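Asks: In case you want the letters, here they are:
There are 2 protein chains.
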Amino acid sequence: MLIVHKYGGTSVGSLERIENVTTRVAKAKKEGNDIVVVVSAMSGETNKLIDYANHFSSNPSKREMDMLLSSGERVTASLLAIALQEQGVPAIAMTGRQAGIMTDNNHTYARIETIDPRAMQKELDEGKVIIVAGFQGINESGSVTTLGRGGSDLSAVAIAGALNADACEIYSDVDGIYTTDPRIEPKAKKMDFISYDEMLELASLGAKVLQNRSVELAKKLNVKMVAKSSFSDAEGTVIGEETEDMEAVLVSGIALDRNQARVTIREVSDKPGIAAEVFSKLAKNNVNVDMIIQNASTTDGTTNLGFTVPASELDQAKSVIEAFDHDIGGMDLDDSVCKVSVVGVGMKSHAGVAATAFCALAEENINIEMISTSEIKVSMIIAEKYAELAVRTLHASYDLDK
Amino acid sequence: MLIVHKYGGTSVGSLERIENVTTRVAKAKKEGNDIVVVVSAMSGETNKLIDYANHFSSNPSKREMDMLLSSGERVTASLLAIALQEQGVPAIAMTGRQAGIMTDNNHTYARIETIDPRAMQKELDEGKVIIVAGFQGINESGSVTTLGRGGSDLSAVAIAGALNADACEIYSDVDGIYTTDPRIEPKAKKMDFISYDEMLELASLGAKVLQNRSVELAKKLNVKMVAKSSFSDAEGTVIGEETEDMEAVLVSGIALDRNQARVTIREVSDKPGIAAEVFSKLAKNNVNVDMIIQNASTTDGTTNLGFTVPASELDQAKSVIEAFDHDIGGMDLDDSVCKVSVVGVGMKSHAGVAATAFCALAEENINIEMISTSEIKVSMIIAEKYAELAVRTLHASYDLDK
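The listed protein sequences derive, respectively, from chains W and C.
Mapping to the numbering used here: the first sequence position 83 is 89, numbers consecutive.
Mapping to the numbering used here: the second sequence position 333 is 339, numbers consecutive.
Don't read these hints as lab results, they were simulated from the structure.
All values derive from a computational prediction rather than experimental measurement.
Possibly wrong hints are sitting among the right ones.
Identical copies look the same in the list; a pair holds intra-copy or inter-copy alike.
With a cut-off of at most 25 Å between alpha-carbon atoms, the simulated DMTMM-like pairs for lysine to aspartate or glutamate come out as follows [said to hold, decoys possible]: (1) 193 x 407; (2) 68 x 92; (3) 68 x 22; (4) 193 x 390.
Taking the hints into account, I'd like the entire structure generated from these sequences.
Replies: Here is the structure:
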């Protein structure tokens with residue numbers, strides 16, 4: 007088996023933890039597998055370097071930031087290779103460039119364009135464990151680029167795809183994907199399996215184990231991901247293609263996103279294009295609008311327009327909307343809301359999943375302020391004070407603790 | 007003018023010191039010069055990384071050490087470029103690879119083979135200050151290599167040569183080359199000029215400002231070096247080709263090397279080849295023999311063989327010699343000696359320079375245990391307790407404090 011391991015910053019956060027990773031990798035190699043390891047910077051290192059750069063500039067050049075930040079992963083990769091060699095495991099450290107990772111020119115948030123796996127394949131053929139510095143590649147002019155938040159996960163999945171690996175194991179301090187946040191609902195169960203689409207919904211709804219970009223890439227490349235803990239031997243959760251017999255499962259998990267704010271624009275002139283103009287201005291100003299509700303026009307020819315944005319973007323949204331003061335009656339802002347979501351591929355083919363959620367919340371007298379549904383999720387905006395109660399209620403109403 | 011600046015670890019040892027370097031570089035640029043800056047890692051960083059590696063292995067792989075250690079210079083280069091850009095100075099950071107520095111495969115002590123200056127020239131043509139991560143290049147297989155101790159000086163000189171720069175200014179915490187160590191002789195004078203050959207002798211005799219490899223390369227490429235302080239505006243010392251009128255100067259400086267030990271092998275069998283065998287065994291065991299004295303054979307057909315080695319290699323030398331116990335009478339070791347040297351190109355064409363030294367030391371009752379001379383230096387081994395007295399005496403006897 008050819009397996010890609012990826013260890014995040016916490017898993018390599020100290021020399022002792024790198025030793026722990028060394029033991030894991032050596033064991034996997036000795037079991038007869040070919041291993042490629044992708045590593046992040048030691049936790050804290052990247053933030054330290056960002057602080058250094060901010061000492062000199064509040065808006066440092068992205069090209070130079072990439073050269074700066076890419077150094078942290080190289081340190082971890084070198085150290086892990088040295089530690090493996092000391093254990094008698096043949097190993098070689100590679101930068102993103104040496105691993106053949108070519109990206110576009112979008113510094114600090116580059117996209118992987120191609121991976122030339124020949125250099126890695128050659129080392130694998132010689133029996134070596136390869137340690138790749140994650141989060142980085144080079145662009146066509148040879149400058150170092152980084153892949154943005156969660157970039158090492160992306161490196162790992164892309165490498166697994168390029169090498170046609172049997173699995174891409176993502177190690178962190180969490181041992182898998184749970185039916186909901188165990189800190190809120192102690193009865194939450196770790197899932198053995200979750201489909202790419204469900205994982206994407208859960209991740210975008212606040213589950214923090216895997217970044218969406220890497221799951222999307224895994225889906226595209228059909229790479230089997232496994233979310234595991236580097237601190238235990240627990241089995242982890244497989245993320246893969248949904249299978250036939252999964253249809254029996256209606257709902258996989260309950261997600262909670264506290265980072266939500268609701269905006270209501272009152273008495274919008276019912277002229278064509280005002281709503282469109284509002285949303286295009288918001289987009290231009292990098293405000294990510296999530297749910298939208300527009301009521302039917304009232305008799306005075308105006309309408310109310312409601313939507314949600316990340317709480318951190320509320321101020322930005324406010325100043326965009328203030329520019330429309332001649333066409334609107336006013337606005338209400340509410341950042342004490344949250345979004346609870348029910349996710350599951352099974353609900354595609356079953357009616358009544360949403361109704362179960364509405365009834366469960368109604369029984370607890372939790373008012374649902376906005377609703378949005380997709381094929382595999384139902385999201386509801388509610389007052390933030392009900393967040394934990396709503397999660398536990400929904401978790402129980404779909405029998406997820408069984 | 008095209009000027010290469012090189013800042014060592016102390017000069018970029020903190021964010022405040024990097025700011026200071028930023029000011030210097032910006033000033034030089036605004037005076038109308040083209041500037042390439044070569045930087046070392048922030049002081050302490052390289053040792054920290056070495057400690058990390060030694061945590062895992064007492065003999066870490068050199069290839070991985072190079073990838074590990076090269077990260078420190080990249081951090082400094084990125085930060086300095088960011089700081090310059092913030093000051094409105096167009097700047098770009100480059101790794102050794104991006105600067106076109108190709109080396110041989112000798113990891114941790116690589117030699118620069120070629121520099122392709124086209125990428126640097128392109129950025130200079132666009133008016134940018136280039137910040138190159140020192141100490142590093144890549145080999146033909148694309149692995150990162152480092153140049154060994156003093157490697158950033160080498161990078162700077164090689165780049166100055168490849169770009170045909172007008173000068174290569176080496177900044178440190180010392181403001182130039184002195185006639186002797188000012189901590190020993192406060193009357194020591196900073197030199198305005200010193201020839202490559204004199205600098206080579208002084209450096210190999212213990213002066214710490216410039217490493218020999220970089221001076222040798224500067225001589226070969228005819229690069230004008232300037233040793234300056236990054237903490238003052240003092241003029242510094244130019245290191246260049248010796249000129250005609252320099253012949254008036256007999257002696258340039260007095261050097262002291264305390265890291266010396268003397269070995270005497272007693273009653274060596276006067277068989278052909280024993281001495282040769284001793285020295286080739288020492289060389290094979292990486293013991294650097296400096297001065298050698300072999301007395302004429304005594305009437306019993308044996309001879310005494312004396313030589314000096316660095317004090318740190320004395321134990322190694324001892325174990326090598328012990329293997330010859332059947333052919334020698336015994337050995338004496340003395341690590342309480344030092345080497346004082348008189349250096350100057352003028353002495354080539356003047357008799358009597360050595361005699362002045364011998365007389366001066368004799369007047370102070372300092373016994374000279376061994377002597378070696380070259381065209382431009384006279385070195386003497388004396389008891390270490392006389393080190394400072396000998397330096398001051400010689401300094402005065404050649405009128406260096408005038």
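Asks: Now tell me, hint by hint, if it's right for this structure.
Replies: Checked hints:
Proximity of residue 193 and residue 407 under a CA criterion of 25 Å is satisfied intra-copy only: 6 Å inside one chain copy versus 85 Å between copies. Within a single copy, residue 68 and residue 92 get their C-alpha atoms only as close as 37 Å, which misses the 25 Å cut-off; across copies the closest is 13 Å, which meets it. Only between protomers do residue 68 and residue 22 lie at most 25 Å apart by alpha-carbon distance; the minimum there is 22 Å, versus 33 Å within a single protomer. In the homo-oligomer, the alpha carbons of residue 193 and residue 390 lie at most 25 Å apart inside one protomer (21 Å), although the nearest pairing across protomers, at 77 Å, exceeds that limit.
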